[in-house]
Structure formats: structure tokens, C-alpha cells
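> Next come the chains, spelled out residue by residue.
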Amino acid sequence: MKRSGTIFSNVDWVVVLLYSIMVVFGWLNIYASEYDPLSTTSIFSLSSSAGKQLIFIGLSALTIIIIIVVDDKLFDTLAYPIWIFFVIMLVVVLFVAREVNGARSWIEIGAFRFQPAEFTKFATALAVAKFASSSNFKISKFKDLSILVLIVGVPALLIIVQGDMGTALVFSIFVIVMFREGLSAWPLILGVLMAVIFLLALLVPDHLYLWIGTGVIAALLIAFNRNSVKRILAIIVVAIVVSAMFEGVDYAFNSFLRPHQQNRILVLLNPNIDPLGVGWNVTQSKIAIGSGGIAGKGYLRGTQTTFDFVPEQSTDFIFCTIGEEHGWLGSLALIVLFMTLFLRIIYLAERQKWAFVRIYGYAVASILFFHFAVNIGMTIGLFPVIGIPLPFFSYGGSSLLSFTILLFIFLTLDANRMQHLQH
Amino acid sequence: MIDNRKYVIQGIFLIIGVVFLIQLFAIQVIDKSYRQAAEQNIVQEVIQYPYRGLLLDRNGEIMVYNEPLFDLMITPKQVVNLDTLGFCNLLNITKSEFNEKIAAAKAYSYVKPSIFYKQISNTEFARIEGTLDQYKGFAIQPRIVRAYSYPAMANALGYISEISKNELKQDTINYYHQGDYIGKSGLESYYESELRGKRGKKFKIRNVRGIDQGRFNDGKSDTLAIPGQTLTSTIDLELQLYGEKLMAGKAGSVIAIEPSTGEILAIVSAPSYDPGALSGRNFGENFEVISQDTLKPLFNRPLMASYRPGSIFKIVQALVALQEGVIVANTKLKCNTALIGCHNAASHPFGTSEDLVGAITNSCNPYFYQVMRKMVMQGEVEDPYQDSHIGLDKWRSYIDNFGFGGTLGIDLPGENGGMIPNSAYYDRAYRGRAWKFSNIYSLAIGEGENLVVPLQMANFAATVANRGHYYTPHLIKKASEDGEPLPQFLVKHETEINSEYFEIAVEAMAEVVRSGTGQYRAKLPGIEVCGKTGTVQNDPNPDHSVFIAFAPRINPKIAISVYVEGAGQGARAGAGIAGLMIEKYLKRDSAVLRMEPYILKGDFLY
Numbered sequence: 047m048k049r050s051g052t053i054f055s056n057v058d059w060v061v062v063l064l065y066s067i068m069v070v071f072g073w074l075n076i077y078a079s080e081y082d083p084l085s086t087t088s089i090f091s092l093s094s095s096a097g098k099q100l101i102f103i104g105l106s107a108l109t110i111i112i113i114i115v116v117d118d119k120l121f122d123t124l125a126y127p128i129w130i131f132f133v134i135m136l137v138v139v140l141f142v143a144r145e146v147n148g149a150r151s152w153i154e155i156g157a158f159r160f161q162p163a164e165f166t167k168f169a170t171a172l173a174v175a176k177f178a179s180s181s182n183f184k185i186s187k188f189k190d191l192s193i194l195v196l197i198v199g200v201p202a203l204l205i206i207v208q209g210d211m212g213t214a215l216v217f218s219i220f221v222i223v224m225f226r227e228g229l230s231a232w233p234l235i236l237g238v239l240m241a242v243i244f245l246l247a248l249l250v251p252d253h254l255y256l257w258i259g260t261g262v263i264a265a266l267l268i269a270f271n272r273n274s275v276k277r278i279l280a281i282i283v284v285a286i287v288v289s290a291m292f293e294g295v296d297y298a299f300n301s302f303l304r305p306h307q308q309n310r311i312l313v314l315l316n317p318n319i320d321p322l323g324v325g326w327n328v329t330q331s332k333i334a335i336g337s338g339g340i341a342g343k344g345y346l347r348g349t350q351t352t353f354d355f356v357p358e359q360s361t362d363f364i365f366c367t368i369g370e371e372h373g374w375l376g377s378l379a380l381i382v383l384f385m386t387l388f389l390r391i392i393y394l395a396e397r398q399k400w401a402f403v404r405i406y407g408y409a410v411a412s413i414l415f416f417h418f419a420v421n422i423g424m425t426i427g428l429f430p431v432i433g434i435p436l437p438f439f440s441y442g443g444s445s446l447l448s449f450t451i452l453l454f455i456f457l458t459l460d461a462n463r464m465q466h467l468q469h
Numbered sequence: 008m009i010d011n012r013k014y015v016i017q018g019i020f021l022i023i024g025v026v027f028l029i030q031l032f033a034i035q036v037i038d039k040s041y042r043q044a045a046e047q048n049i050v051q052e053v054i055q056y057p058y059r060g061l062l063l064d065r066n067g068e069i070m071v072y073n074e075p076l077f078d079l080m081i082t083p084k085q086v087v088n089l090d091t092l093g094f095c096n097l098l099n100i101t102k103s104e105f106n107e108k109i110a111a112a113k114a115y116s117y118v119k120p121s122i123f124y125k126q127i128s129n130t131e132f133a134r135i136e137g138t139l140d141q142y143k144g145f146a147i148q149p150r151i152v153r154a155y156s157y158p159a160m161a162n163a164l165g166y167i168s169e170i171s172k173n174e175l176k177q178d179t180i181n182y183y184h185q186g187d188y189i190g191k192s193g194l195e196s197y198y199e200s201e202l203r204g205k206r207g208k209k210f211k212i213r214n215v216r217g218i219d220q221g222r223f224n225d226g227k228s229d230t231l232a233i234p235g236q237t238l239t240s241t242i243d244l245e246l247q248l249y250g251e252k253l254m255a256g257k258a259g260s261v262i263a264i265e266p267s268t269g270e271i272l273a274i275v276s277a278p279s280y281d282p283g284a285l286s287g288r289n290f291g292e293n294f295e296v297i298s299q300d301t302l303k304p305l306f307n308r309p310l311m312a313s314y315r316p317g318s319i320f321k322i323v324q325a326l327v328a329l330q331e332g333v334i335v336a337n338t339k340l341k342c343n344t345a346l347i348g349c350h351n352a353a354s355h356p357f358g359t360s361e362d363l364v365g366a367i368t369n370s371c372n373p374y375f376y377q378v379m380r381k382m383v384m385q386g387e388v389e390d391p392y393q394d395s396h397i398g399l400d401k402w403r404s405y406i407d408n409f410g411f412g413g414t415l416g417i418d419l420p421g422e423n424g425g426m427i428p429n430s431a432y433y434d435r436a437y438r439g440r441a442w443k444f445s446n447i448y449s450l451a452i453g454e455g456e457n458l459v460v461p462l463q464m465a466n467f468a469a470t471v472a473n474r475g476h477y478y479t480p481h482l483i484k485k486a487s488e489d490g491e492p493l494p495q496f497l498v499k500h501e502t503e504i505n506s507e508y509f510e511i512a513v514e515a516m517a518e519v520v521r522s523g524t525g526q527y528r529a530k531l532p533g534i535e536v537c538g539k540t541g542t543v544q545n546d547p548n549p550d551h552s553v554f555i556a557f558a559p560r561i562n563p564k565i566a567i568s569v570y571v572e573g574a575g576q577g578a579r580a581g582a583g584i585a586g587l588m589i590e591k592y593l594k595r596d597s598a599v600l601r602m603e604p605y606i607l608k609g610d611f612l613y
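Taken in order, these protein sequences are the chains called A and B.
Per this note's numbering, residue 47 is the first one in the first sequence, and the count goes up by one each step.
Per this note's numbering, residue 8 is the first one in the second sequence, and the count goes up by one each step.
For the record, the hints were derived by calculation from the structure and aren't laboratory data.
Quick caveat: nothing in here was measured; it's all calculated off a predicted structure.
Be aware that a few hints might be false.
[Unchecked claim] Calculated cross-link-like contacts (lysine to aspartate or glutamate; reagent style DMTMM-like; alpha-carbon spacing at most 20 Å): (1) B:LYS205 with B:ASP229; (2) B:LYS84 with A:GLU80; (3) B:LYS13 with A:GLU227.
[Unchecked claim] Quick look at which bits of chain A chain B covers, simulated, 3 or more residues with Cβ under 8 Å: (4) 122-128; (5) 335-346; (6) 414-426.
[Claimed, not checked] Incomplete in silico selection of chain B near chain A, CB under 7 Å: (7) GLN17; (8) ILE22; (9) GLY24; (10) ILE189.
Just so you know, even glycine gets a beta-carbon here, dropped at the ideal spot from N, CA and C.
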């Protein structure tokens, strides 16, 4: 088992290139999002977000080197301990953190702050990968499934207690990872169905129409299946359940969601109901993006993002700057970049002999995809506003560092795949 | 099957990407309205500052009202092609001031409005309003400041000014913003939450170039400002102004209370200042001058000045001793100057034995020495030191019921509670060494370690007038829509001393004015005035002149305490002012006011 070339030359250069492009453009974009034509803050200045992001980029580079140099088998060995460590951190943060924006998410040590929740993402991915790749694991076994649910659910729950619903939602993406490993498609299908029912119930306030619609669909299905009494019965039962669910949605909506969360969903359906509150963010975001046209207004020339009309424009709404300054073509380039990244990671994951790395790879792709989909969806009004960063582009040390670690653990495991033949 | 799954997953990723591209295409390329909206869509929040509640006197006359002032706001981004010279001339500012202000505004925010020039007066505004239109980027924000019908009662009214950082931190209801005005002292402060009203918001649309496009959402998001509540005070404006006139050029305090309700009819703190000086543009410089005045006009003397009560305290001693049963009205005690000096030798020679009324009228010190000794050393135990402990604490608990030794709870901030000692106090002071009555006897005549505040003395006069109870003195009689004061002011406080004993005190006080020290300046034709002089020592400076009184004897309508610094015997300034105030209140226009020229002249130390 010889290594061909140095460790560095085995690392997939495509992903590294994509990563570097994203990080550098992300940095330039952060500068653009806070750019003030009248001030003379340089892109390197530590008082600007761009300057600080540069420090985080430097730290990430350091971390990459460490990750690659270290024996990659450590990630397998330490998967569970790492997971336990961050779960403990999540508990600690509940006691130690100040309340910021309604959530207790940050631990402060002196001048530094970090969010354990961000790092829990890769820790959970490692733990899931290790468990799901162990020799006796069968996805169909109830016990194994339960343990998986625990590995994913415990951190998610703790994050919910922190008050950060958005980040907790990320953990739902592990369904895709397990789907690849053989999990039945039903959870996915049901999940989508629930979302559709939920949205329909809210979009069409007069449920009579929905019942009529359900009835029509049920009648059609019965017509196609008129031979089987069992199937007819099943269709009727399902139709009744679905109709009841339309009512249930109202109840759940009002009792499980807090007013500001309710607001965010309602705003999605009709931004005009809260034009100055949450609806404001989305409206301003769409205006900023929409005003970009085909080619955008040009680098540093965005008027909406420059003049503070879009709130949170260097973090959650960072895409607005791209949309405004680089137009549809710029958006296209960004989406292509991300798609290439996802598909490349999956390609790399599929070529693994060791299940641990493959599963971890799918987790990486899924987690990155989730953030991408929700964040951009948020800015163009297709998803409720929740605080999810755009990987490598949103300003923030914890976010950049944790995504870097997430990605490069996979890259180093992939680079060493020839040594994994015995697994 | 597994193979298919990986395509399913990649398919999901790609579909989402395509959906986004389609939606983006729709927003960015097809739908032109966003581009337009970007041009037009700045919503500006204009704050509607509420009218602050007015302050009326007890008869509904306005004492404090609101006057509009204007802040000049600047939004740096919208300032284009400014004729700097013309602008500076218009506002009467120098070029360097202008540059400073512009720099400050830009440092705050390039796009958000900030205050360029504060509090332009009505007349100023009228002058510049027409020309101001020509200067882009500037807007007028109306503000409200306080105005006063009469330059009186400054300390009790208080003043308002911009909220400080500390006050913002303490804001538990998160109502206040930087730049809001808040009551800082007096009634403005105590009743801040009633007076302040509620901010409103108007939303206007301006486009990117700063041009007004009208109201946002047809004004549906606008909220109206809610004016603050107007409060009716207990003050009788005519009496108040008269008191201020009498106290001009002097230092001290006058408080008049209506005994049956505790409503304060007049509260004068001298020297004072014009409340209008702390309102408006010149607040800063005026405040500096006023706060550095060595006579301390900002110090609200009726509530804050503490001094030894002097002979007036003898009445309190008498009431306590009567209720405790250690003396009766007829108890005769010798004026034995070996115990303590007695300064009224002229009216009652050495060795005379007075009864209680006589002792009060002639202010006999040895009498009250013996009275308090009887009170404190009741022979409960053999050891005199222990006995004094017990007796003093018993004495103290009576005194507490009069409202001495603690704050009464007037509706003004900064009330001083004075100090009345108890056993623990002396134990600390003597640091473990034993003490008994003979160490603390000065308390008997209102000297020594007693401290009272003029408000407490006025309240005491009201208590005697009521023959045994009082209502907490307060300044606002209608604090809410249902026309009631705050609930604590409707509580009747009992002294737990029989009203028959109070009648004895009343008789003594009537005698003081009939034929005692009060007869020269406090006696009024047709009104039976009850009073007591006090002379508070202030070595080596002249004594303070103190007088408390109430009138008429039957069904009293007014109780008053007067305290004039450095004016000598209580019988002069104190009694004179009290008499004039009582006559003015009870007789109004038909008052003779015989002592007025004497008081106005202010020559008390002859």
C-alpha cells in the first residue's frame, strides 16, 4: 500500500478549488455587503467584517493543515468521544450563555465567542457515520434505527432548548443520508406530504375547498382501484385522515409555534401582512436581489445592500449582495458552484470502499445542501426566515470554521482511501 | 436499488437548484417591479412625540404646560449641493460649528437622520421655515418642552431633560429611546409614567434620492401619539405665589397643608430659581449656573433640609408623656435651672412651677427635662442604664407614629426622613460604654441628636389640628382618570394618642398666640390661630426662625410650618410669615396683611 505522491497531492483538487473560490469570493462579497462609499475602511481592516473574516479564513487554513496532517483514522476512533464532547458543550452553553436575540447559543471566553451548535454538525456526522458503518448495523433493525435517532436527536433537542430552532432543523437532513443507506423512502415521502398539507392548510384558509379537493382525488383513486375492496377502504381512510389533518394544522400552528415563528411562516405566504416586521426582511431581500437584473449593478455598487436596507446583510442575507451586484448571471454562477460541490462530494463518497467514509461524505453533502437550500430559499421568499448561514459565504468564524472542518475531514479521509482497503 | 438512490439524492439537489434559478429569473429578469421598488422604497419612521401631561392647581388653573420647539434633523446622504455659506447665515452658526455638526452626523449614520441643531424656538423657526425648503437633506422634528405660567414652585415641580445612559439601562419596560425627555426631579420625575404619554409613529416613503413619496401603507401602520395625563395638584396657586413673594431674598421653607386631607396647599423652597430657565435651549448653561450657586437653589428645603426641632418638639414630648401616663395636665414641675438652663426668665421667673399648658406657652426647659426623665426612667428595672434603654425605645415608638425619624412618603423624590435616636443608636455612638438619661437629656427640649425636616413639622401641625391623626402630605389630588390621588394618600395614620390630650396641646398652642411668644406677629383679628415658636441654634451664626401653626382652632383649614434660615427668634420671621399665609388663605381679598411690609423688608436681626 504505497501512497502515490505526498498526502497533499491525493486530496481532491476539484473540491479544494471549489472551496477556495467560494471562500475568496465570499470574503470579497462580505466587504461589498458592508461597503460604505464615504468611509475609507479597507477590506483588510480589523474593524470591518471583511477584515475579521480574513482572520477566520487564516484560522481555517491552519485547521485544514492540521486535519490533513493528522492520521485520518483518528476521525474514526474519536468519532464518539468528539460527539460526546460537543453534546456536553451544548449543555454547558445552556448555563453559561447570555441571551442574544432570544437564544442562548454562544460561549464567551475573554474576547472570543464560539457556538457549539455549529461544531455539533460535523461531530454528529462522524458519529452517525461510525455507527451506521459498524459491522452488525442494519437499518431495518428497530434497535439500530433508534440509536441513530438518538445520535441525531439528542444534539437537535439540546439546540432547540437553546432557542435556535433553525440550527436544530439542520439535523433533519440526516434522513437523506440514511435513505442512501437503505432507509425506506416513506419517511421522506411522508415528510414532503406533511409539508404540502401544512402549506395548503395555511394557504387556503377555507378548508372546504381542501376537502372538496381531497374528495375529488380520492374519488379518482377509487375509480382506478375499483377492484380491490382493501384498496378502496385504504383510500377512504387516508382521505379522512388527510382532511382531519387540515384542521390539525391550525391547532398545531397555534399551540406549538410561538407568535414570531407563526409570523415567519405566514409572511412567506403573504409578505404584506407584516410589511414592517419580518415581512420587511424578505421584501427588502427580494427587492435587492430583484433589482440586480441580468448582470447586476456591479461590484460595490449595490444600492440596497450598501445603504442598509437589507437587515443582516452580511450573515443570513449575504446572498442579496450577490444577487444585487452580479444579477442573475451571478446567481447562476453561485448555484452552479454549489451544485458542482455537492455532486463532486457524492461522486467521491460513492468511490469509497469504507462505508464510514461514504456515509460521512453523504452527510457532508447533505448538510451543506441543507444550508444552501434554506438560506437562498429564505432570501427569495421560498422558505421561512430562520437563522441559517450560507456556507463559506456568510460572515462568521464559527460557521466558516465548522464547515471547513466538516468538509476537510472528508477530503482527508478520501485522500487516504487506498489505506482503507481492509475495512 | 441503492444505485438508484444515489441518483434520487442528486436529483433532489439538482431540482432545488433549478427551482431557485427559475424563481431568481422571475424576480430578477422578468419582474421589473423590484427594480422600481428598489428606487422608491425607503420607509422613514417619523416619531410623533406625545404631549406631556399638564399640571393644574387645585382650582384648575394651569401651572405647567407644553411649548413646541423644533429640532433640525439631517440625513447626510441626502444633502446635495449645499450652499454652506447661506446655510450658516440662516442658522447663525460659524463654518467650523457647521463642519463639526456634519462630521458628528456622518459618524452616527450616513443614511439615518440625526439631530443637527437642537431646540429651535417657535419664533426662530418661523423665521427660517420658508428658506429651509431649499436645503435638501434637512427636516424639522417638532419637540415639546415645558413652559410655566408663573416662575414659582420650581423645586417641587422639577424639570425634564434628555434621558441619560444609566436611566436607559434601568428602563425595565423598554419604552425609552435615546433623545427622549424624562422627568429628572420633583413632580415631573415622581409622576413620570403618568405624564409622559406614549410615542406615536408616522411612516413616510422616500425614494433613494430623498424625495417624499407620501404615506406608507396609506397611513395604516401609523400610530397616534397619546398625550400624557394631566394632573391636578393640591396647590392653591394664589397662596403659593404669596409664599414665594414673602420668602424672596431669604433662605428656608414654607409648607401649608390642609389637615383633613393631607393636601399640600403651598410648598415654598427659598432660594429658588425660575423653572423656565431649565426648559429649552439654554438648559445647559443655566443648569451650570444654578447648580453652582452656593445657596443651593436646587436643594428642595422643605423635604431635604434637616435641623433640630427645638422648642416645638416640647409639644410632642407633652403628648407622649400624657398618653404614657407619666404626667397629667395639672402636673406642676419647678423651673429648676440646675437641671438645664431656661431662657424665658422674663416671662416666668426662676423657681416658678408651671402646669403643662404654662410650660409649653413659656417654653420652660427644666419642665420638659423632668417630663422626659419621667418618660424614659419609669423604674421598670433597678439598673438605671437598662431602664433608660427600655424607656427610650418606648419613647421612640411613640415618636414614630407622628411620622418623625423616617420618610412620610410624599409624592416627590429625595425626601429626607430626619433622624430620631433609639437605644441601638446610642449604644453604637457610645461604643459599648454605658449611657442613661442624664447623657441624652437634650432630646427633651428638641436639641441633641434629633433631626426633623420642615415637611414633618408641617405634618405635625396638621396632626395636632386633627387632634390625633394625619394623612400623608401629597401634592397631586387627581392622579388618574377617576379623580383620586394615589391610594397611599387616602390612608389615615393614627398616632395612638387620645384626642383629649391633643386638646391640651391645642389649648397651649392657642395660648402661645394669645399671650405668648406668638402674640406679636401671628395673632390675627377674628381668627383663633394656634401656634408654637421655635428657635433653632446655629452657632456661631444667627439662629433659624421656626414657627408651626394651624387655624382656625375649631375645624382647622390650614396647618403650616415656616422655617427661615439665620433670621433669629421664631417669633419674628417665622411667626410673621405664618400669620400672613394663614390670613391670606382664610380671608383672601379681605385680608389685612399687617405684617407684610415687615416681612418683605426682611430685617430680622435687630
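> Next step is simple, just say for each hint if it's right about the structure.
Going down the list of hints, with the structure as the test:
{"no.": "1", "hint": "B:LYS205 with B:ASP229", "result": "holds, 13 Å"}
{"no.": "2", "hint": "B:LYS84 with A:GLU80", "result": "holds, 16 Å"}
{"no.": "3", "hint": "B:LYS13 with A:GLU227", "result": "holds, 10 Å"}
{"no.": "4", "hint": "122-128", "result": "violated (count 0)"}
{"no.": "5", "hint": "335-346", "result": "holds (count 6)"}
{"no.": "6", "hint": "414-426", "result": "holds (count 5)"}
{"no.": "7", "hint": "GLN17", "result": "holds, 6 Å"}
{"no.": "8", "hint": "ILE22", "result": "violated, 10 Å"}
{"no.": "9", "hint": "GLY24", "result": "holds, 5 Å"}
{"no.": "10", "hint": "ILE189", "result": "violated, 26 Å"}
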